[in-house]
Structure formats: structure tokens, C-alpha cells
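Turn these sequences into a full structure, and let the hints steer you where they fit.
Protein chains: 2
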Amino acid sequence: MVSNYWDESAELDKLAELSIKTGVALQSGQDLLITAPLEAAPLVRRLAFHAYKQGCGIVTPLYTDPEVTLLRYQNAHKESFDKATDWLFEAMGAAFDKNTARLAIVGEDPMLLSEQNADDVGRANQAVSKASSPVRERITRFDVNWNIIAWPGMQWAKRVFPNLQDDAAQRQLAEAIFKASRLDGDDPLANWERHNANLRARTDWLNGKNFSALHFYGEGTDLFVGLADGHEWMGGASKSRNGVTCNPNIPSEEVFTTPHALKVNGHVRSTKPLSHQGTLIEDIVVVFENGKITEAKASKGEEVFLKLIDTDEGARRLGEVALVPHSSPISQSNLLFYNTLFDENAACHIALGQCYSKCFKNGDTLSKDQIIKNGGNSSMIHVDWMIGSETINIDGIDFDGTAIPVFRAGEWAS
Amino acid sequence: MVSNYWDESAELDKLAELSIKTGVALQSGQDLLITAPLEAAPLVRRLAFHAYKQGCGIVTPLYTDPEVTLLRYQNAHKESFDKATDWLFEAMGAAFDKNTARLAIVGEDPMLLSEQNADDVGRANQAVSKASSPVRERITRFDVNWNIIAWPGMQWAKRVFPNLQDDAAQRQLAEAIFKASRLDGDDPLANWERHNANLRARTDWLNGKNFSALHFYGEGTDLFVGLADGHEWMGGASKSRNGVTCNPNIPSEEVFTTPHALKVNGHVRSTKPLSHQGTLIEDIVVVFENGKITEAKASKGEEVFLKLIDTDEGARRLGEVALVPHSSPISQSNLLFYNTLFDENAACHIALGQCYSKCFKNGDTLSKDQIIKNGGNSSMIHVDWMIGSETINIDGIDFDGTAIPVFRAGEWAS
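If you're matching them up, the sequences are chains F and R in order.
Going by my numbering, the residue at position 294 of the first sequence is 300; the numbering climbs one at a time, nothing skipped.
Going by my numbering, the residue at position 70 of the second sequence is 76; the numbering climbs one at a time, nothing skipped.
One or more hints might be untrue.
Chain copies aren't distinguished; within one or between two, either way the pair holds.
Stated by the list, open to error - Below, a list of computed lysine-lysine pairs in the DSS-like style, where the Cα atoms sit at most 30 angstroms apart:
hint, residue 1, residue 2
1, K313, K245
2, K298, K269
3, K104, K136
4, K379, K215
5, K215, K269
6, K298, K367
7, K303, K104
8, K89, K104
9, K364, K374
10, K215, K164
11, K27, K185
Honestly, the hints are just simulated from the structure, not real lab data.
If you want it as C-alpha cells, here you go:
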């Protein structure tokens, strides 16, 4: 029985404990909201166990059912695709306002919607983008401690390991998730303390340098990414506005900050496929002028990508830039996970759309207007895609114009 | 594979179609909220299929996970049990205010919490009662079309058929559910048209008589149930305030109305066990004086029952009285389902707590104050329990005091 297998998995239990204690860093008395695909129930139950042991008030799992999503695309009338469950997103926002911590489990088939009508998918995605703003705003503002982890979903596993049988593929993906999540050895919590210290050394150096821009160059890319005024580099553990230091992403290998929404110029090519809400988008090539995408194409999924950057005014501008060495364990696994949580940790990347206000010095004291004045971008979307590889160099540009090596051939220069 | 078995069950598909078309009577363009235990996913998917075919806007399943509920009782700190997910109930209320239809699937183990600490269970139930008022108010006021159906949950099946193996028990319970839901033959929708016409004949007769009280008497029971001023008998199909005629319960064999909260006198004994939020309560004996329970005992689950009637002021008074002949198919199945949706259709019953405003003449024009003035009860709870059997007689008492036979030895007198 698959279900018994997972109920007895010591690794799955370690992931759950790490998520509750280090990831979401759940406080005694705090409530917890978990979103998860239906098949992740064995992980949700381990999380609930550790959450209650930790003094959790109440654990509320909200399960999503990909089969029901598919049935919609296959059977609904066209009017359906402009609808979203706004009342549920508003409720989640209300929960966060009551200091409920958030835990999201990814694990669905990244290609779930690849056979469905692109117009329907685009309209539905846009409706969800609009309706979900109460959640997105609170998470990007970092109101509460949160964490995302992964469940080895069966359909996902079969995408990553197409040549393996069902159970074998799922167990292989589980191994990859556990490894990437640094569960190795007896004490994953200690692993993460060390890892967080390493990331902090990098952000301290970058914050000390206070570059005005980063220059990415190499095969297919020559891009100047101006950084926002008063930007701050972050990575690994960070403190949410409710005062809790959590690790939002497990795994996480990146350090990241806020670009200047008006000061990005040049061209850039994606180095890994972007799996966006069910569609795989490959070989993206875009041109930026004064922060805005003025040309865009892709060899696959171009229609979905063009719809994406037309979501709103800010969808054509950057909200995040992140640095990840090519030697990161996820990159070295040589796996394409088709999932941002993993693939973004295999390479340097940028994100279109909403910026994180926490990536500013004293970010939680800044008004929305001040953030925009400093160069922070605003949008309903936040979509990461990979632009780093072993051929890409990065220079940090000083305020006096001096170029200082940051990355050479995909690795930290020092 | 169990999951394939259900995906291919023609009966399950018939239940889903009946639920969408006759039960909830989903309107084109209307949204649908489905609450269901995790294991009912195969039924939820058939419902989503028929809902989208019917022009549904968006189907939102909210799955509950009984394992997570259990983990709470086994591991949470004591403070947890005063908490409930209020933001989620408020969201469901908001959804109904936007004309979202409601579909609830029952199917969980009726004894899920029977081994847990009664004080914890009582506190948690009370917290849920309070938090869920936005949902309960809208459903008892009948704001939107709704429907409850059943899924043959595995643990539930093993309670009903303790001597059968897992799969056999589940299939046996499925058969019982399908039969009770009147799925027999090729056209369940036509079955329900006939059934609704029969129930309407009974309510027309009772409404014509306009009794001031019902007198229940027989083995262990001698109870006068005064009826509310302007009470109306209902049963089967009925019209919600959004104008949709739906069948709230599938199955349903009862006709029911509102007792007068101040005019119930005598003693009554339960004739079937009451399965209340995980505890089985047996052999309830209560005394009513001027509408209020003044003495109460039970041979099993007494502690939970006493807590229940102490929930609030209205929890010791009646909100519903319902008539079901002993010859009803569910009674004749001789099964104890441990679930109100079924067991209430095997016998005459009363409900403690909140009354239905729809069970008044022009009920949707009455204010809360008018309903109370007419004798309608108000409470956070609404809990049905069985008082009918083949030994019980019922007289209707005219306004001039004449007794007219309504039931004799558990059957309609005419």
C-alpha cells in the first residue's frame, strides 16, 4: 500500500518536523493553514502531528483536487473561466490578519493543463491572480511566518522520471526532494542552521557593497539590472512582520533583492524551462528598455507567456533578482523539476511582477508609495524564471561605475 | 484498486447527477461549494462533472481530513480545544451571500471521537457551534439551494457492517445509500418527482388541519408538543429564498414543522441511538416542562448529551418535530446507520435547538423577533433524535381540544 509506505517514512516525518520548526517556525498558540494537493495527505498528517506537539491552536488543511480542476476545463461553459473563488482567498487573508501561519505544499503535475485550451487557461489564471490578491499582498508584505515544501506527487514524479514505473518514480522524486531539502544525516535542523549562516555571509557582503546595478553577461544574455534605492539582499531565514524568523522556502539556495522597476536594460535568455500554472514555457528571449519588456518570444508556450506579461502594467517589469551558484546541490542533481521551488535554486533568476517589500532596508516601515518611489514594482503576478548557467558572468556596478566581479562562469567570484 | 472501482460505478454517477439536478437543483451560472471527507473524492469528481455540464460557474471542494482531526485530540495542548476556524465559516457565509449553492457530503466514521477525552470534544464542539453561525444562520434561513448526500466511508461502513471485510462492508453500505436515495430503476429523477408528490399530499393535509399540538404516546413516552403559531409543515422539495426549488436531504422521508418553544410538556424516550459529533448517545430520557428540558439522562454518552443541552439557552428546547412512518424504506432496511441523514428517516423525531424559519407561513417575511414571538426557538445547535417506533401513536390536537388520529402504531392513521 502506497499510503502505508508514506505513513511509515522516517524521511517524510523529518521533512514535516523541519517544516514546522525551521520552515514555518510555528509559535505556540499560533494557528496554521496548510494548502496541499489531495494526494499529499500523508505529509499533511505528519505536519499536523508536529504542529500540535508544538502547541498549535488549530491546523486547517485546505486540499486542492487537480482532478476537479481538469473536469472544469473539460466540461465547463466558457463563462466559468472568468470566475475564481474570491471568498476563499479573502478568508485566507483574514486568517493571516489573525496571525495564522501559512504552509503551502507543492506537488501537482506541472503539466496538468498542458492539453487544455490556452485561452481558457489564461482567463482562469487571470481571474485567480485578481481574486488572490488578499493572500499575495500579505505574503509578499511578509505579514506572517510561512513556508513552502514539496510532496512527491505521482504525476509530477512521472514528468521528472518518465522512464520509471509509478512507484519507483515517486520514490525517486521523494529522494530528490529530501536531498534538496537538506534532510541528510541525523539532524536536519542543524544542517539548516549552518546553511542559513552561509547564506547570511553572502547577503552581508552584498549589502555592504550596495551595488547600483548587476550586469549579467554571457551566452545569449547582456542585461543590466538596476537595483532599487535602499534595496536589501536577503536569503534563507528571515523575520516576518509578526516577529517570527522563518525559512519561507525549503529548499532554498538563493540570495535575492529588489531590482529597480525603471532601470533594467538589455536582453536576456531563459536557461531553463518555466513551468507556469500547467504550461511549460521554453527558450524565453526578452528585451528590456527602461525596466519594461518591449519584445518577448519563446520557442514553446509563447501564447501563455505573452498573456502572462499582459496581466497588468507591472507584469512586464522585474520584482526580484536572485543569485544561485551553478554548483548548488539542486543544479548538480541535473534534474529538471518543472517546479520553481526547486528549479529556481539551480540558477540565478529574475521574477516578473510584484516585489517583496521586505527586500528594502526597513522595508516594513515603507508605504506603498515610498516603495514605488524607490523603484519597487507592483503587480498581481510574481513569476520567477532562470537566467543563470555555467556560462554566465555577473558584475556588480558601484555607484561610481566600477565593475566588481560577483559571479564568474556561474560561481561566486570570491 | 478501490479508486477505479468507484470511478466506474454507474450508481455513484447516478447519485451525483440526482444531487446536482434534483438535490441542489444547481442553476446555470451558479457557483457550488462542496464539503466532503477526503475519501469521498470519487463522488466529488462526479458531482463536479455534472455541475460543470449544468453550467456551474466554479466548483469549490472543501475537503475535511478525519485523520488530522484525530491527531489534534491526540497531540494538541488543551488551549487548542477552544479554537475553531472562524475565518473559514465566515468565508462560507460570504459565498452563500453571493448565491453560491451548497452541497455537503457525509461519510465520516460516526465514532471517530468516541475514544477521545469528552471534555476536549465538548469544548471543541462548542467552539465550532459558535464559529459556524454564519453558515448555520444562512442554511436554516434557507438563503440558497442546498443538498446533503452520503458517501460510503470505509470506517462508517465497518460500523454499520462490523462482520464484513473492508471492501465488502463499503460496497454493502454503498448499496444501502443508493437504495435509500431512491436510485433504483433507470430514472432516479422521475422517482423523486413521484416521491415529492407523495410528501406534498401529507403536508397539505397537515397544513389544512393546522393542529395546535401533537400528542406522542406509547412505550416510555407521553409527550405533548405544542406547535408554533403560524407553523407550516414541509417535506421533500422546497423553495429557498433565492427562488430555487431544491431537495435539501437525499434521502428524505420526513414531513416536519416548528414546535412552540414554550409549549412542550411530558416525557419522551429516544428509540434509536443518537450519533453526535463522534459520540454515540443511547437511551435518552428527558422531561419537558413548558418547553424546556428539566431532567435528562442517557444510558451511554450522557456526559456529551448534558454538555450539548447546556450549549446555550435554546439547546434545551425544541426547534423541529418530524413525522416518518415505521414502514419507510430506511426503517425497513433494519440498519442503524449511526448518521442522522439516514436514521432520522427511519422514525418520527424531534430536534433540540434552532428552528427553521421556512417552517412558518410566509416564513421569509418574518423578523427574528416575530419568529420568537410565534414560538420559534433560537440556538447555536440543531440536533435531531428519534422518538418514533412501531409502538408509538400520535394524535393531532385541534384548537378546540379534539384529538384526531395522525399515527397509529408507527404508521399514518389514514
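Quick rundown of the hints versus the structure:
| no. | hint | result |
| --- | --- | --- |
| 1 | K313 with K245 | neither (34 angstroms within a copy, 43 angstroms between copies) |
| 2 | K298 with K269 | within (9 angstroms within a copy, 74 angstroms between copies) |
| 3 | K104 with K136 | both (22 angstroms within a copy, 17 angstroms between copies) |
| 4 | K379 with K215 | within (22 angstroms within a copy, 75 angstroms between copies) |
| 5 | K215 with K269 | within (19 angstroms within a copy, 82 angstroms between copies) |
| 6 | K298 with K367 | within (24 angstroms within a copy, 64 angstroms between copies) |
| 7 | K303 with K104 | neither (43 angstroms within a copy, 40 angstroms between copies) |
| 8 | K89 with K104 | both (27 angstroms within a copy, 12 angstroms between copies) |
| 9 | K364 with K374 | within (12 angstroms within a copy, 49 angstroms between copies) |
| 10 | K215 with K164 | neither (44 angstroms within a copy, 67 angstroms between copies) |
| 11 | K27 with K185 | within (18 angstroms within a copy, 50 angstroms between copies) |
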